[in-house]
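Assemble chain X onto chain C, guided by the hints.
Going down the list, the protein sequences come from chains C and X. Read in UniProt numbering, the first sequence has 106 at position 106, and its numbers run on one by one without any break. Read in UniProt numbering, the second sequence has 132 at position 132, and its numbers run on one by one without any break.
To be clear, the hints were calculated from the coordinates, so they are not data collected in a lab. Everything numeric in this text was worked out from a predicted model, so none of it was measured. Cβ atoms here follow ideal geometry from the backbone N, Cα and C, with glycine treated the same way. Any given hint could turn out to be false.
[To be verified] Not everything, but these chain X residues come out facing chain C in the computed CB check (under 8 Å):
1) LEU29
2) TYR130
3) ASP133
4) LEU134
5) MET135
6) CYS161
7) ILE165
8) GLU198
9) PRO199
So you can see what is in the structure, the chains are spelled out below.
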Amino acid sequence: MDAVSRRLLKELRDYRRERTAAALTVASLGPVSDSDLMLWQAAILGSQGTAYEGGRFDLDIAVPPSYPMQPPTIRFVGRVCHPNVHFKTGEICLDLLKTAWSPAWTLQSACFAIGALLTSPEPDSPLNCDAANLLRCGDTRGYDSLVRMCTLVHAVPSTSEVVEAERKARRT
Amino acid sequence: MSDNNPAAGSTSAGDPPAAYDRPTDEQILSFERKIKEPESQAQLVGPLTSFDNLIAEYANGNPAILAKLHALSTSYCGLRATRRDGNCFYRAIAFRLCELLASRRGTPWADAVVLRLGPECREVAKEAGYNMDLMGDFADCWEDAVRDGDVEGAMADSVVCWLRIVTAAVLKKNSDLFEAFILDSYPTLELFIGSQVEPMNVEADQPHIVAIATALGVTIRIGNLDSSSTAEGAMNWHEIDPLEPLAVTSKVDTDGPDPVVELLYRPGHYDIVYKQAA
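Next comes chain C alone, as it looks inside the complex (with noise of 0.2 Å):
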């Protein structure tokens, strides 16, 4: 087996038998198919007590041929709003993600690390410049209520399925 299965092997093991504290934010991880061990997909819990609660964020990953030398590439796939994730696309700006990438992470810690942005944004490299710009003039207020619209219409399941159930229901 190469080098880059065997790794992403461990990791899938170290995943599933320690379930630590990044479980309670890493809810589910692990290769989309069994056939291909380069693509992954997770799904992270926002945290309680912040505007993100309740929601369940899904993630792709892309491991490259290079892993863990290089960073795996990793999106979410349903709508986020933070600023330092494209609202349309789901790019993530996280220095670990390009610059500080180290082979001593994982895609474990690195979903946690995607975890931990969620609830501190840097919001002087934005990506979405409308919550950034709430979060610069101080704005709590608006910037929680946006997240938390946000998340409840397409981060947490029930609502988004009646929102969905909803919009299919004024089509017809």
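Relative to the frame of chain C, chain X by itself:
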């Protein structure tokens, strides 16, 4: 949504900023890689050459540097250029130490270094909280290269990665000492390690050198090729000893002094230098 009324509505919460067509971070990084491609074709560690090229390079340059190069070439026979990819320091150490150990195989010094750079480094990394199930693969590469005297293997990225981990582990273990050096520029040692030690392609500086000398148990001598003027154009050498000396059991006179890894430093880059045979 207008800027003046940021809390209004939400349907356009993430509407593209004006520069929606900006390149993605991946595109920026791949562009950066393309620019750096000529360098990425350079050998990781080049052949042993004389100082002629370097002297030619500075022929019309700073006279202080030129004087130092001339002084250097009287007692040193040449250098190996390393790739300028930000990993040169670790790569140079790995390559040269592997060579030195192969040439001193079986001496008390070599035995003590092998013990230090193998099981003892693993222990330090484990104590520092690294996942040895994953990091052990990198340690294996390094220990295999040392065991086989395989300098090719010692140049591998996985070896660079492992040396970064043990450097970080020594920094954490001696946090009281090292925090004094880094707290000027970083709020915590952890942040320093996360951005200046663990990531690949990030250059090494003084704390890294002390830490890796300690991790591996070898003395590192660094000739500083800077433009400061010195008496008779002599090179400034900095000798960095391990914080904890090597436990060499019995000293055999014929071995001579313990070998040291010698590097030539120019801002942002380290090459390996070789002393003339006595």
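These are the hints, each one checked on the structure:
1. LEU29: At 6 Å from the nearest chain C Cβ, LEU29(X) passes the 8 Å test, so the hint holds.
2. TYR130: Interface hint status for TYR130(X): holds (6 Å vs cutoff 8 Å).
3. ASP133: 6 Å, holds
4. LEU134: 6 Å, holds
5. MET135: 7 Å, holds
6. CYS161: With Cβ-Cβ at 5 Å, under 8 Å, it holds.
7. ILE165: 6 Å, holds
8. GLU198: 4 Å, holds
9. PRO199: PRO199(X) check passes; min Cβ-Cβ to chain C is 5 Å, inside 8 Å.
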